[in-house]
Amino acid sequence: MSRDGDRLPDLPPAVLFAALDGCGDGVVLCDSVGRVVLVNAVAAEMLPGVEAGTDTARGPAAELFAHDASPGSGGEVPHGDRPGREVRPADRPREVRYGDRLIRVRGERAGLDHHVWHLTYAGLAGPAGGVAAAFALRAERRRTEFLLDAGRRLSASLNTRRCARATAELATGFLADSAIVLLPADLRRRVEWVRVTAGRGQASARFEEGAVPAADTATVAGLADALTASPHGGVWRLDPAGTPGWLVPEGFGDAGHLMAIPLPGNGAPSAALVLARRAGGPPFDEEDEALARALAVRAGAAIAAATLYREQSDTNAILTGDLLPPDLPDVDGIELAGSLRASEQAGLIGGDFYDVYLPDAFAAFAAEPYPQDITGGAATDRDIRAPLVILGDVCGKGARAAVLAGQVRHSLRTLLLLESRPERLIELLNRALLASPSPNSYVTLVMGALSRAPGGHTRLHLSVAGHPPPLVLRRDGVVERVAIRGSLLGALKNPVLNAVTVDLAPGEVCLFYSDGVTEAFGGPSAREMFGPARLEAALGTCAGMPVAALVERLEQISTEWLAGGEHDDRALLAIRARGASG
Amino acid sequence: MSNLTIAHDLSASAEHYLERIGEADEYAAVDVVLGLIEDGVPAEDVLLRVVAPAQRLVGELWASGTWSVAREHGATAVSERAVAAISARVRPRPTLGRATVACADGEYHALPARMTAEVLRLRGWRVDFLGASVPGRHLVTHLQQTGPDVVALGCALTTRLPRVHATITACQAVGVPVLAGGPGFGADGRFAALLGADGWAPAADAAADRLASGDLPSFPAPQTTGHLAGEEYAGLTRRRADLLTRVMAGLTRSYAPMASYSPQQLEYTAEDLGHIADFLGAALYVGEPAVFTDFVTWTCDILAARGVPADSVSHGLRIFHDELEDLPQARTLLAKGVEAASGAGGPGEGTR
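First to last, the sequence lines map onto chains S and G. For what it's worth, this note's numbering labels the leading residue of the first sequence as 616, then goes sequentially. For what it's worth, this note's numbering labels the leading residue of the second sequence as 20, then goes sequentially.
The set of hints was computed from the structure by calculation and includes no laboratory data. Where is the CB? At the ideal position from N, CA and C, for every residue including glycine. Some hints could be false.
Simulated DEER-style distance windows between Cβ atoms [to be verified]:
#1 S:R756 / G:Q164: 33 to 41 angstroms
#2 S:L802 / G:D50: 41 to 49 angstroms
#3 G:Q164 / S:A909: 27 to 35 angstroms
#4 G:A47 / S:G1146: 32 to 40 angstroms
#5 S:G814 / G:A253: 42 to 50 angstroms
#6 G:A47 / S:P944: 18 to 26 angstroms
#7 G:Q284 / S:G1180: 23 to 31 angstroms
#8 S:A1098 / G:A268: 29 to 37 angstroms
#9 S:P708 / G:S232: 27 to 35 angstroms
Residues from chain S shown here face chain G by an in silico Cβ test under 10 angstroms; the list is partial [stated by the list, open to error]:
#10 R768
#11 V811
#12 R815
#13 A1152
#14 A1164
#15 Q1171
Chain S with its partners taken away, still in its complex shape (with noise of 0.2 angstroms):
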């Protein structure tokens, strides 16, 4: 409606009279005093008795009438208000009581002198509603808010113990003071439950969980059905005098009443949901029931779900645990530092790995856990084992070269028990590999056997096999490339091998690395490779850095260099000679 000030075109009074008439809305419009000057049709089916000229601070529709008391939300209709002074701004909607109906209005000014009320039925039952309906409407209005809350919040979560909570603060909300799920009884017996209380006057909900031995849930008449029953089972009302203290809260006072209600899952409960209402509250009625199980449908299917992605993750947690890295054991005279960035699309697993086999593992009786120089003398006896360090790298990515990865680890485990010369080991893991019934079996990796060498240094006999050779930090900050390279294993009945041995000093490091850290693209131009180059100055800006921070410092220039494109697995592995310092 346009308000172009008040000049009106000069519509004879009936035609706007017509007009408010054809409002759906009732229509109450009185002077600066409070009487009524106009009704509408709907407004004088709504209020029989109120017509033009009747006083509205008098009579049964005067609380309809009444303006907000509340500073600057109206106050007093303000007689013979003038141009030029301060707009009344719009009363509140509020709901009021008239009759056997519940109007909502809404007051606003109109013009200069004048007030104009507006009224609806609340929860649009319409004229023909009464309150009952009205109340009915919005009780429905609110069941479907709750479902869809209920969807919504448990259809997020793949996990169980989420779930578990958000169906018990849901049910807290809606349908009891305290509500508590049941999960079925775990592998020692015992049930773990969920319980959300609200919270008294302000005071928020409690979230409390715990557990309880199976065998106690089993002696609770009804509960006990409720974790068992069939898919679709009924709901139980348990005795509050013979529940067991720990289904409700501590300090809730007496349970009134008590529901127990079967979570359907796949074939059998996937939980239970006991609803408890305190004693004097309203008992559990036949729509609060309805309501439960509609609740107890959408929980369990989600539960159900979230049980059977539990057991899967804990499944594929066994079966990937060995193929994840090690944690690094201490090592006399060194100090060790990994990282392992699996390419993002396969999860925390891939075809890059290191580990370190310690000597003790393999011979209770060898002469001392940490070898004089390995490489000359009496120590190659091949009863004297050194620690090994190895890093490899298989062929492909995810889960099918990590499998490899995980047989190439326990292959040189075993292998260990029988063989400590690294030449060797390789060759034989070289023949294991072409022996391997699936294709595509090769592996590059470099190894270090550690000894200890006069003058507190520490010697690297480095065996290579179509790997990125090891780089090695001296204490002066220079890097150098150890240049042997070697063949890959699995392809070839001879493979070329070569090996090295490197000296290092109190506080000079070793890195071994996969070429997914020098062959990550990314960079300034997204298209640059990293290269060996950046990663040796990258290795030069670290002399005197412990090893956990070096190692850290190069997976954060390589993770940068990348910029968030997509990458290879990427390894590192590097070991310190410890110094006078540390």
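Starting from the known structure of chain S, fit chain G onto it as the hints suggest.
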């Protein structure tokens, strides 16, 4: 014992501790923190009033060029070990809920997040700390597998915010509320709210207080914030590589001192240009010019401390400005950046 505790001047301990980590002396640093705990200083105080202030100084010493990057990283690595030692020594039984603490994807400032993890653990939470630079999908997989009540997500650099936004949304999509922390969200946490995080805390103890207050929702509220990134952010990101190549070429042509740059200096310059592009993108993403101008000022100060004049920065910004003809918001930001550069970075000493 209590008298002894009061007698402990923790700022003196922090200084002492700083000396130890400055020498990358892990054993001595661990002795300092464990010694304090032995004397009855609460572990949380050792973390927040000894380790944290020392680490803040480490950052300042690096920024001023007093410490090399190697020394800074070494000190931080030693602090990691000190925090781990505290964690091994003080092990309260978890009585509260379960929390996951992680650094955003690409975020390598892990120590503040680690401290948050430790403080939460000391307050009785069961905590999983996932470490530096956690890719979003790894984080979400972890959330689905462990079902924590909250994720505390750390971000120190504003340039990570677009990716952090995706991570926050992903966490909430699996029904876990996100508590944001770290200076990347702005000094007052304004970007945390902008990106739809359920809460924000400026520091580790504040994070623990916030969780204890119970005013964080147990489940994230449905998101109402819509699409944030303007077209300009998307445009800039799409052509980042090409843009950087062109700016580098432009700079080589027009900035005379570049002719005598060593390959290493050229690498650093390319890196710095990349940072300019990233901060420009972040400022566009969150719609906050200060994100860019603060970065320019900071860069000029860092360069000045290493003897590089600030005019190299404004020169670079001008070339960006010329290359981005069709991105008016970006150009406005770059003009502001030039202004900021002219007011920053006095002559300095030392080399990069």
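Verification of the hints:
1. S:R756 / G:Q164: 33 to 41 angstroms: holds, 37 angstroms
2. S:L802 / G:D50: 41 to 49 angstroms: holds, 44 angstroms
3. G:Q164 / S:A909: 27 to 35 angstroms: holds, 29 angstroms
4. G:A47 / S:G1146: 32 to 40 angstroms: holds, 39 angstroms
5. S:G814 / G:A253: 42 to 50 angstroms: holds, 45 angstroms
6. G:A47 / S:P944: 18 to 26 angstroms: Holds: the Cβ-Cβ distance is about 24 angstroms, inside 18 to 26 angstroms.
7. G:Q284 / S:G1180: 23 to 31 angstroms: holds, 25 angstroms
8. S:A1098 / G:A268: 29 to 37 angstroms: Since the Cβ atoms of A1098 (chain S) and A268 (chain G) sit about 36 angstroms apart, the hinted range of 29 to 37 angstroms holds.
9. S:P708 / G:S232: 27 to 35 angstroms: holds, 33 angstroms
10. R768: holds, 6 angstroms
11. V811: With Cβ-Cβ at 8 angstroms, under 10 angstroms, it holds.
12. R815: At 14 angstroms from the nearest chain G Cβ, R815 (chain S) fails the 10 angstroms test, so the hint is violated.
13. A1152: holds, 7 angstroms
14. A1164: holds, 3 angstroms
15. Q1171: Since chain G brings a Cβ to about 5 angstroms from Q1171 (chain S), closer than 10 angstroms, the hint holds.
Figure legend: structure checked against the earlier numbered hints; the only hint not met is number 12.
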